[in-house]
Amino acid sequence: MARRKVLLAPMDPVHDVGLKLVQRALDAAGHSTLRLPPDLSAEEIVSRAIEYQPDTVLVGRTLGYNVPEVLARLVDLMEAAGMRSRVRLGVGGMAIRPELAAELGYDRGFGPGTSPEEALAFVEGREPQPPAAAQTLEKPDLTAGYGYLAKDREVATSLEAIATAAVAWGKARTSPGVERARLRRRLLAAEAGAGAGDGRVPESAEALRRAYVRECDPPIRAFYEGTGPVGKTRPLSPDEIAALAAAADPGGFERRRVRHLQTRPRVFVQYGTGCPVMDSAHNRVAEAWGADGLVHFDPSWAARTEGLIEGHHSHEEDGTLLTLANLRSIGRARLSGTLWQVRAHRGLNTPEIVVLAAAAGADLTKVNPVYGSLGAGTDPERLVVDGVECLSLAAAAGLPLDVVTNEELCGVPAGKAFAGMLIIAAMAVHLGGRPILQPLFCLSPDVMVTGRMDDNFVDYNMAKVMALRQLYDAPIWPGAPIGFLTHTEDRVQSATSTALHAAIAVSLEVDAITIASADEAYSGGSIAAASRVDTLLATAEAFRFLGSAKVAPTPRAREWADELVAQIKDTLRRILERPSLVDALYAGVLGSPADGVYPGRAGRGTVRLR
Amino acid sequence: MKRRCLGVAGTAKNTGKTTTLAAILREAAAAKVAVGVTSIGYDGEDLDHITGLPKPRLLVTAGTLVATVEPALAGRPDFEVLEGIPVRTALGRVTLARVVRPTRVILAGPAGAAGLRTVLDRLRQNGSDLALVDGAFGRLAPMTAVDGLLIATGAARRPDPAFLAREAAAITRLCTLPEMPGEGRKDLVRVRGPVSSLTLPYPALLDLHWAEEVAGRARAAGGFPTDIYLPGPASAAALERLGQGLSGIGPVTLVFSHPLHLLAGGEALAVSAALDGLESAGHRLAVRQGLRLLGLTVNPYYPAREGAVYRAAQLDSAELLASVRAAVDIPVTDVVLEGSQALWDRIWGRAGEEGYG
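These protein sequence lines map, in sequence, to chains V and X.
Here the first sequence stands for residues 1 to 610, numbered as in my numbering.
Here the second sequence stands for residues 611 to 967, numbered as in my numbering.
For reference, chain X alone in the conformation it holds in the complex (with noise of 0.2 Å):
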């Protein structure tokens, strides 16, 4: 049996992460599957420490392995401690516990990849056949130590059931863009022509001036690239004005490291209208490392601020549901509307069936 490591990431804060991680929590716990858990970020506690609204609780089943700060695990007899990760987050350090009796957590882990991939290791090396990993804000790098990703969206990103289908299409049109394995140093952009290739040290972000500086190597270098490495985030501007700079030049293929990458260099939409331009101009895209992603969540909440305090509101399920459904041609759900099964045959499959993998 495979073993699997699954990212719950989201849009924005409140877009149902937790609830989702809840769902399939649950799931496991009735298929009897060893799971681990743990957070880029922070969750778990009763109330929001922004909006001050209540937040969805997370229970573990006796057998779970958690992977979370010390402080939270402190004085708590319904955890077994095993050992302490050399992984530290702002609240100490991350330490693996074994759930002793059901009973809630709070779960506060490693902030950045290098550390989750840790942190992922030890939950696999103590038994864990499916490591959970709880996402935080809107903040999706991190994940790409995962291997399949859930991204939660919903009215708490923008209360617009318009505005989510179209940036669900983006966000999975970029975490769908085809692999194309091969070598790539975060620090180099390398520029690849039919008879020799070029190594730029890399900004590690494509802002505007390095746009115009690797098209202009490219063009220096003799013209006619096959194919451009850039090993990091890029901004729609950015890509935009290498677009210009690459005109009259064949078609190249640009290769991005990551699609979570692209999604952190500015907003989805953007982004991904960028690359359309950069299509249409007859390049091809493909990214380094690709990305499985086994659908999305919606979630009608959302909190509404009223001056300087927030109330629950929600937008009509029903509807928002179908507007991303239609928008996409992965698997959406409504964790609460629909139950959590169908997520869960996706992620673990069914009967006689592996699941993704």
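Isolated chain V (complex conformation) (with noise of 0.2 Å):
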């Protein structure tokens, strides 16, 4: 590479930084430099610059009122000067655009985020290399490491015997639900023209249709028999599916990255516009700024619901209607990185939806009976018969999952929600499976009436992690999204928000972490993808700013800790005293309507013995 002159120009009165960056790139790359003093005439530069005869003029101003005229000017003496044709300019600053630069007739425009490579590149005459570290798309495995064991004796004891009681209990029952999953694989199996996986014959698809059917609840039924379309939803047009196979992976995108220095935790967003294409552009958007990974969310009305609909469907209000066909495209438009997890937490249809994840080619799902039936209306029993059947499924198709413990938002306190939660990973683990632990970083009614949260958010967040770890060994991935009931109507305040909490996360170095938009608990509606960027950009600077410094919490947290282990070890305690795990749910032991939690009544009575 020939050794280049390069004459640095900062216009503006004070700011030279992004100059001064360039130049030390320059230098470094063995180019020859010099950098006028600032607030320059447009004569002074082309006075300088015939002296020392650059290669390269760069040129930086912030823009402001008459500035564009300025900077034009220069164009313009450069080439009555007969300069133009010999020197190539840049010109670089908060405001410029390529667009902008080509009107003032500079070269080469660089704004904001502008990298000194690029400069560099522009010098060098060549195109600029890529970042290799932001175009690195490996996809982790947020369990890896973890041994599943439970580290205190009397929890271990307690665990085990009711999760092996409660999984034998399960197991021993079926539902519609179950029955639906059953049917589902085998219809997709006839469908694939392959046998049940047991050398038998393919099996008649229509057959398995009707039989499907004929487990739905009347909505459902009338889709399949063509005789009504289910309320609120409208088949996708051909363009609209055309658009959705246009999305898919474009290979080699260039996305910014979240973290800084930190390799953990890996940060999902939530998506569920109702419409698969807007889904995948909102997911387009989110992954350019750095999203590690999607959470599909669906209709809550589509989980009172026996059955699942077929084909690519919109959905006229929020949630995107679970379908193997959406579910397919909305996962075929993700960049090859990103992690995907579709939720089978709550609802008659959640051993189904795992099927319908494994399938389309999630990375993760989400179970937890105890929650999605006293937290999300559906029936305990019927939901524990479910949810064995799902973590069987997910176990069997190698998906991790992540229980969840939103039940606190509805008034449990923690300490029972996180005795449900690790009930419900002993489970999965006696299946086979890989559970990840979600506590809430919230603002909950359990929180906001025991005043814990009236000096910080850092000490009980951070406590509930501490008190997990002291007890378990599992992966751990606050969510969903951290900072709930914190955000508000405000923007700037709930991008702010999730971005302390974040900063809460890298300090305890969990593994995930679920971020709303900014707009997601007032949005009343549709979110705004620039909303996804608020809080993602918002997260970044977090990380950012503590690097591989971290929050520190008051001794407060440690004692809350330890409050937190014996609110667990009491719940599990009174948990054995019942006659099984869905007793226990009924009688409230996992969350009352003291608490503020009622049995869900979705799917009662369907439960019956194999």
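Misleading hints may appear alongside valid ones.
[Unchecked claim] Label-pair restraints from in silico Cβ distances:
| hint | chain 1 | residue 1 | chain 2 | residue 2 | range |
| --- | --- | --- | --- | --- | --- |
| 1 | X | GLU948 | V | SER85 | 30 to 40 Å |
| 2 | X | GLY685 | V | ALA530 | 23 to 33 Å |
| 3 | V | ALA2 | X | ALA644 | 36 to 46 Å |
| 4 | V | VAL492 | X | GLN899 | 49 to 59 Å |
| 5 | V | ASP318 | X | ASP658 | 33 to 43 Å |
| 6 | X | ALA644 | V | ALA530 | 41 to 51 Å |
| 7 | V | ASP239 | X | ARG667 | 46 to 56 Å |
| 8 | X | ALA644 | V | LEU34 | 45 to 55 Å |
| 9 | X | ASP886 | V | ARG24 | 18 to 28 Å |
[Unchecked claim] With a straight-line Cα cutoff of 25 Å, these simulated SDA-like cross-link-like pairs (lysine to any residue) come out:
| hint | chain 1 | residue 1 | chain 2 | residue 2 |
| --- | --- | --- | --- | --- |
| 10 | X | LYS665 | V | PRO98 |
| 11 | X | LYS665 | V | PRO37 |
| 12 | X | LYS665 | X | ASP837 |
| 13 | X | LYS665 | V | GLU69 |
| 14 | V | LYS5 | X | ASP926 |
| 15 | V | LYS5 | X | ALA724 |
| 16 | X | LYS665 | V | GLY111 |
| 17 | V | LYS20 | V | PRO37 |
| 18 | V | LYS139 | V | CYS410 |
| 19 | V | LYS5 | X | ARG921 |
| 20 | V | LYS20 | V | PRO112 |
| 21 | V | LYS569 | V | ALA150 |
| 22 | X | LYS665 | V | VAL67 |
| 23 | V | LYS569 | V | CYS410 |
| 24 | X | LYS665 | X | ASP926 |
[Unchecked claim] Here's a subset of chain X near chain V, in silico, CB distances under 8 Å, partners left out:
| hint | residue |
| --- | --- |
| 25 | GLY722 |
| 26 | ILE859 |
| 27 | TYR966 |
FYI, nobody ran anything at the bench for these hints, they're computed from the structure.
Yeah, the Cβ is synthetic: ideal placement off N, Cα and C, and Gly gets one too.
Relying on the hints, combine the two individually framed chains into one complex.
Next comes the structure, spelled out in structure tokens:
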């Protein structure tokens, strides 16, 4: 590479940091540079250029009133002085865009976020090298390195007893949800032209579908029988389906980094606009701003209806319909390194959702019949039976799952919610699965009543992770989203709160976090893509701010962690006093009406013995 | 038929370059003239990327040749790409295309005169009888590559009709300096006396120091130079200093390279005033390469800044037109107020006439 002479001209009265960074890169690359004092006139810069005879002139300027005219005048003077054809001109600044650079007459514009490498490449007349780290798209295993052993003898004994009994109890029973999941597996195999994995000849897809439909509620039956669409849905048009296909992983996609020096936590965002095409666009925005993972949200009404429809469908309200076609298209549209979770934690279709998630290529699922029955309206008996099937299916498909504890948002104290979470995690491990613990970083009703966050939001959130680590060796993924109930309608406040909770998470070195968009709590409907960028940028800023430093809690965090451990043990003891986990759920041991939760009713009376 | 290259430059952004160009494109289409179009900047977007206000659209008819950057043509079936041109811009390489059906165009082309000459050659070679060059901001210097120029001025330059009239007079005066053909290199000042001549390495920009240097060398060379050739821009202050340095020396002919280089050197009013001083001292003024200034267009519209935002505002159209028209002796038009027929006649000629050239 020939050594180039570069004149750097900061036309701003004060700011020339950008040009200093560029100069450092140019000097390191062996080029000859001369940086002028700031705030020279266009004539003075041209005079100095005439003396120095550079190959390239790089101008830095923050845009302000009349500044474009000044920048254009410099170009005109260079032209009139006969220098323009042999000197390349670049301009950089916060408001510079390629279009403005072209209009002003520069050969290249360098806007915000420009790396010194880009300026170096311009000087050397080549394309910039993409930053290697930003392009790495490895898909991590969040569960790697964890042994799933209870670290406390009493807790280990309790979990083993409760989990073993609950799995046995569930396996002895079945439900329409379990039966449909099994029919769906056979149906997928039949449609793929394969047997059910046991060497038999393929079954009739039509016969299997008829059997499936018999297990569905009337609106879903009407869909399959062609007598009516499901409310608030419509099939996607051919154009929309084509758009989904065109959104497939473009490869070589340039994305920002959300983490700074840290390898953890992986950052997940939630989507579910109702429209798979819109979801794909939102997800690409999130990926571009550094999201590591995506979490699929489905409509809440679908969870209260037995059966799922098929095909590409849009939903006119929040929540994107869980169909294999929708999931496959959304899944294919993600970048190759992006983790993808399809939730199966509540409702009447959870086992089938795990089947679809696995068939669509999801990386993770979400299961917790304790939350799903106490905080999300599904009957405890039904959801435990379905939950055991979910855990079995997830283990067979190799899908790690998080165990969410959102019943805290209804008022259940964290200690009780954590006991339920540890039981489900133990059941998952019993069935060969890989669970991930999901405590909430939230301003929960219980915390408000007890005043644990009157002083700060750090201690109690950290205490939760400290308590879980004291008891169980498993990955931890605070959510969902972090900062729940701390967000307001103010996007700056919401993004800041998310970032500060992310700072706690990175200090704790947890494995993943889920973040909300800055308008998620108060959007009243659709979420703006820009609001996704708000929280991703804010989180990245928090990670950059901390680096390898950490947020330190006060001594209260240790005290509260011990208190949580005691609550968890106490709850496990009380469950052991009941005939079964399901009985404990109805009896309010894991959350009672006094706490703010009631056993759900959807699907009640549908469980039968095998 | 002579092939022509017409530039539409402006005294500032938003002075009506695009509106004037769009009017000429309409007239050329009606007259079925083979037109090619390019830009020395960037134009054709919906909203101005500085003020955020709507911009006039550039519509082109089938058969028009367009030289713009590759990204502006990507995925546009209304253009047939003909060839790449070895000229790069901040938005990519310039590409030549033919319009297949009437459409909008985003123009982004060569930033400098050298690149513009290359692009104009390609437009001519591909059959363009009238090549139009859209200006950018108040940038004038690249327009040395065209053979005819329209200058757009208006309230966006300054919302003051009296000032605009005075400045229009100064611009016109600089653009109509007499032509004195001869040899001249960009990097040499030549001081030619009755018996000998002297050449100096030229700074390409006549600043105060070099104004004294040139005058001093002229005196040291034996005085009585007959002409001094200055091949680049000169600021008003430098011209005044040169005038002071030449006092006591007999009348000299000062030959500048191009009127647009003089305009690039500083504010037209100040440069014109400095030239007045030189003329009143008995010196003569000329340019090595003349400019065919076909006229001025005026635009009463301007973006008025209110805090961080802009709103559209307007001067009285008739008053502005009358003020500028009274100040100059070249045609002045408001194409929105008066239409563009007269302007087109000056460019292309009426039936039986040839227009400029």
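Against the structure, the hints:
no.	hint	verdict
1	X:GLU948 - V:SER85: 30 to 40 Å	holds (39 Å)
2	X:GLY685 - V:ALA530: 23 to 33 Å	holds (25 Å)
3	V:ALA2 - X:ALA644: 36 to 46 Å	holds (43 Å)
4	V:VAL492 - X:GLN899: 49 to 59 Å	holds (58 Å)
5	V:ASP318 - X:ASP658: 33 to 43 Å	holds (37 Å)
6	X:ALA644 - V:ALA530: 41 to 51 Å	holds (46 Å)
7	V:ASP239 - X:ARG667: 46 to 56 Å	violated (27 Å)
8	X:ALA644 - V:LEU34: 45 to 55 Å	holds (48 Å)
9	X:ASP886 - V:ARG24: 18 to 28 Å	violated (49 Å)
10	X:LYS665 - V:PRO98	holds (18 Å)
11	X:LYS665 - V:PRO37	violated (37 Å)
12	X:LYS665 - X:ASP837	violated (47 Å)
13	X:LYS665 - V:GLU69	holds (18 Å)
14	V:LYS5 - X:ASP926	violated (51 Å)
15	V:LYS5 - X:ALA724	holds (22 Å)
16	X:LYS665 - V:GLY111	holds (23 Å)
17	V:LYS20 - V:PRO37	holds (11 Å)
18	V:LYS139 - V:CYS410	violated (34 Å)
19	V:LYS5 - X:ARG921	violated (43 Å)
20	V:LYS20 - V:PRO112	holds (15 Å)
21	V:LYS569 - V:ALA150	holds (12 Å)
22	X:LYS665 - V:VAL67	holds (20 Å)
23	V:LYS569 - V:CYS410	holds (21 Å)
24	X:LYS665 - X:ASP926	holds (20 Å)
25	GLY722	holds (4 Å)
26	ILE859	violated (26 Å)
27	TYR966	violated (24 Å)
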